[in-house]
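J.: Use these hints to put chain G with the ligands onto chain L, whose structure you have.
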Amino acid sequence: MSNPNMLGLIRNEVMKIASKKRLPIVILILVILVSMFTYAQYREIQEKIEKQGTLDWRVELQQEIVDRQNRLASSGIQNDFRQFLEFDLKQKQYYLDNDINPNYPGAPTFIRIFFSQGITLVLPLFIIIIMADIVSGEYNDGTIKTLLSRPVRRWRILMAKWLTVLLYTSMLMAATVIVCYGISGIVLGYDGWTAPILTGFQASATGEFATEYIHTLPMWKYLLMSAGLAWVVTAVVGTISLMISVLVKNTATGIGSMMAVLIAGTLLSSLGSSWTSSKYLVNLNFDLINYLEGQAPPIEGMSLPFSLTVLGVWTAGCLAVAFWNFTQKDMY
Amino acid sequence: MSVKPTVQLENVTKIIGKKTIINNISFDIYPGEVFGFLGPNGAGKTTTIRMLVGLIKPTSGKIHICGFDVRKHFVQAMQRLGSIVENPELYKYLSGRENLQMFARMLPGVDDERIQEVIDLVDLTARIDDHVRTYSLGMRQRLGIAQALLGRPDVLILDEPTNGLDPMGIKDLRLFIRKLVDETGLSVLVSSHILSEIELLADRVAIMSHGKIVKVGSVSDLVGAQSAGVDWRVRDSFRALSILQESPHVQAAELYDDHTIHTLMDESKTSILNEALMKAGIEVWTIERKVQTLEDLFISLTGGDHIV
Ligand SMILES: Nc1ncnc2c1ncn2[C@@H]1O[C@H](COP(=O)(O)OP(=O)(O)OP(=O)(O)O)[C@@H](O)[C@H]1O
Ligand SMILES: [Mg+2]
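Going down the list, the protein sequences come from chains L and G.
Number 185 in our numbering belongs to position 185 of the first sequence; there are no gaps in the numbering.
Number 61 in our numbering belongs to position 61 of the second sequence; there are no gaps in the numbering.
Looking at chain L on its own, in the form it has when it is part of the complex:
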């Protein structure tokens, strides 16, 4: 075993981040967000009970289907949106026909929705809060000089930092599940881990609805997959922000550019599909859970393997740039 070993280096990085109290801050933000969402859910449920007198998901789903039908019947809706509605309608009808509640009430469903909504913005944002100054902070404090004149090759130091990014990504996923479960369960109840959920809808931008791959999964399996996909996206964002942290000495500038990447991604994917080659941009491939849910992708031709490949290529590129720059450049 080589001394100093990688584990020791990772421990050093964890020690630095831990003393900056970043993870507790992120968890605090998470608690506040989740509490607010839970309360909003609680109000919604109350309202429905008042209106309908009961809380029957079949009635609710039926109402939503009627709503979609009405909207489709009205003239003047755009083609893109029409396709989306048609697909959504068919999906809902499928749930109804198979007597499966798409929103089985309970904390696990809350977790599912939180991951689905948070994967493109909130979770990446959290990893940026924790990790954005992992290298640039050392430049700013001048500690880079002390760090890099130790008998440890530079690539190993950066490797330790990257592995720490992955470690904190994992902790973030765990924290998200625990906080969501703990808080939302108070209102929604804690069961529903084994509730069936449908996946494998094949959405194509042309609006065809194929049923051959549809199958049910127990909620816990589906959540595991969601968390895994969220982990991938968050790790990719963490890696990009590691690279930016190496290249940009100013932490604020680094955070700003990362935010721009994230927001540009959400904007571009909602703008629509005319610019087809934008599907190769890293930030258009963050919504991986979309594929689990079977929604139409922002651009024709995108699929889970496609997005994973794009993310993989970008990650490899960012790592190459970060490592090359970090090991080669003069440190002043």
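A hint or two may mislead.
Claimed, not checked - Just some of the chain L residues that point at chain G, by a computed CB distance under 7 Å:
#1 PRO105
#2 THR143
#3 LYS145
#4 SER149
#5 PRO151
#6 MET171
#7 ASP330
#8 MET331
Unchecked claim - Label pairs and their calculated CB-CB ranges:
#9 ASP120(G) <-> GLN328(L): 37 to 45 Å
#10 GLY17(G) <-> LEU163(L): 34 to 42 Å
#11 VAL3(G) <-> ALA320(L): 42 to 50 Å
#12 GLN328(L) <-> THR20(G): 19 to 27 Å
#13 ARG178(G) <-> THR327(L): 32 to 40 Å
#14 THR20(G) <-> ILE32(L): 51 to 59 Å
#15 GLY317(L) <-> LYS19(G): 31 to 39 Å
#16 TRP220(L) <-> LYS72(G): 48 to 56 Å
Hints in this document: simulated from the structure, not taken from any laboratory.
All of these numbers come straight from a predicted model, not from anything done at the bench.
Glycine included, every Cβ here is placed at the ideal spot set by N, Cα and C.
T.: Quick look at chain G with the ligands alone, frame taken from chain L:
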């Protein structure tokens, strides 16, 4: 010399952009020696030290620490070297002990016992578990030295270590370094822009100016043998200047203000020069011997090159 040098610089040059910051410098440092690195602001001391500790790459030339090339055998070279570059940069949000523990994990064979040893050595025991953020500059310097000594290095590099220390602190540091060298036989490279500091501390000195090493020698050679600075206050400074400049006893002379001429000259020839001036009918008001400053030494070594 049969003893192998611990630090070897061979024809090291550093060019940043189009500027030659370090121009073909070479020197060796031997075990048990305190080597002073003297030069004004911007001379290139810190740049040289950054190359020694592997932070920047020399454009050309070779650097060896205990026989290991800093670029090719970085790890082996750095295991034998402890350093503070510019300021003791440590993690302010960690305690002193946590800092040392962290750096210990990057060094082979440093255990808790060794950490406590260096803490005692730099006399920080009372405050070691406080955040570094709450340390005074002097305490940070000491923690920096503790960090540098952690791996029992053969070479200790201190860049302007007296920065921000009070006279007591400077004296303590001097005694500390001397004791360390006497006890462990390591080599110390100390940079400074203050001659008197180096004079008391170093065995040998390299004088640096504009990225070049102007001279390397023992302290006594450099300081003792040089001519003194003498200031002449005269009425007609213009004519006096030309007489002084022509004299073989004067190495350098320059007009300081309307009536004052700074010279570097053989002190024992003052009366001869005075006589010459009087013969030329120049009124001499005062003749004053100046304590030799780094600037004087510079002027004498570089022939009128100024400290920028
Ligand atoms: N990154 C850089 N880019 C360009 N020039 C630089 C850079 N770093 C240093 N220099 C220049 O190199 C020269 C030497 O700087 P250096 O810091 O080595 O001086 P020094 O002898 O340590 O001075 P001081 O006593 O002020 O610490 C200066 O002229 C400085 O402007
Ligand atoms: Mg300097």
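J.: Look at each hint and say if it fits the structure.
T.: Cross-check of the supplied hints:
1. PRO105: Violated. Min distance 44 Å.
2. THR143: Because about 5 Å separates THR143(L) from the closest Cβ in chain G, which is inside the 7 Å limit, the hint holds.
3. LYS145: 5 Å, holds
4. SER149: Holds - the Cβ of SER149(L) comes within 7 Å of chain G, reaching about 4 Å at its closest.
5. PRO151: The hint holds - PRO151(L) has a Cβ within 7 Å of chain G, the shortest such distance being about 4 Å.
6. MET171: 20 Å, violated
7. ASP330: 4 Å, holds
8. MET331: With a closest approach of 4 Å, the MET331(L) hint holds.
9. ASP120(G) <-> GLN328(L): 37 to 45 Å: 40 Å, holds
10. GLY17(G) <-> LEU163(L): 34 to 42 Å: At roughly 36 Å between Cβ atoms, LEU163(L) and GLY17(G) fall inside 34 to 42 Å, so the hint holds.
11. VAL3(G) <-> ALA320(L): 42 to 50 Å: Given a distance of about 45 Å, which is inside 42 to 50 Å, the answer is holds.
12. GLN328(L) <-> THR20(G): 19 to 27 Å: 21 Å, holds
13. ARG178(G) <-> THR327(L): 32 to 40 Å: Hint holds: Cβ distance 38 Å, inside 32 to 40 Å.
14. THR20(G) <-> ILE32(L): 51 to 59 Å: About 57 Å separates the Cβ atoms of THR20(G) and ILE32(L), which means 51 to 59 Å holds.
15. GLY317(L) <-> LYS19(G): 31 to 39 Å: For GLY317(L) and LYS19(G) the Cβ distance comes to about 33 Å; the hint holds.
16. TRP220(L) <-> LYS72(G): 48 to 56 Å: 54 Å, holds
Hints 1 and 6 from the list above are not met by this structure, while the remaining hints are.
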